[in-house]
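Sequences are here, hints too, so could you generate the full structure?
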Amino acid sequence: MLFPISKVDFSIWRRFLLLAAGFYLLWFFGYEQWLGPDGRLDALLTANMADSSAVLLRVAGFAATVGANPMLVLMDMRPFVYIGSPYNGLAIYALFAGFILAYPGPTRTRLWLIPVGIAGLYLLNLLRVGVLVVNQYYAYRAVAFSYYYGILTVLVYGCIVSLWLYWIRQQPQPKAE
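Oh and the sequence shown: position 79 is 79 in the working numbering, straight run, nothing missing.
Derived by calculation from the structure, the hints in this document are not laboratory data. Don't take each hint at face value.
Quick list of simulated restraints, FRET-style, between CB atoms [to be verified]:
# : residue 1 : residue 2 : range
1 : Arg169    : Ala68     : 45 to 51 Å
2 : Ser11     : Ala63     : 56 to 62 Å
3 : Ala119    : Pro79     : 24 to 30 Å
Virtual Cβ for every residue (Gly too), placed ideally from N, Cα, C.
If you want it as structure tokens, here you go:
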């Protein structure tokens, strides 16, 4: 059985759901009501994502820079991809970390898994932006498919789920009564 039913399981899931709800409330009141409207954290992360994406593209041999608007990635001095605040990665970092913190497990493992996972998601997000820029450069008509149908988003969230499954499988399974 994938998840054996026992009293221990219900307490684990109850704890998980309570912590997840608490982290959601923390996100709602901390970000949605305060940090998000303030805009400074999003502006910093988004400008960093645009700048780092341009660096990645330059390393790959493309003439990429950031425009006067620090959220706009240019190729050959022409605007190609504008990175809005919802795409700076903050939400996926919080989602990933919240799950790892809510699901039971050793603190020592959390101390390395959360920063390593966030760093991996950051790099994946950079790659996603880079692919969108190159896609826009070579096949601009295909950008709508890549962007709106979420091929790259599925890849990012697939990686998040894989990291979550790694975390779950590292924990000892409770014994059925």
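Tell me, which hint numbers fail for this structure? none
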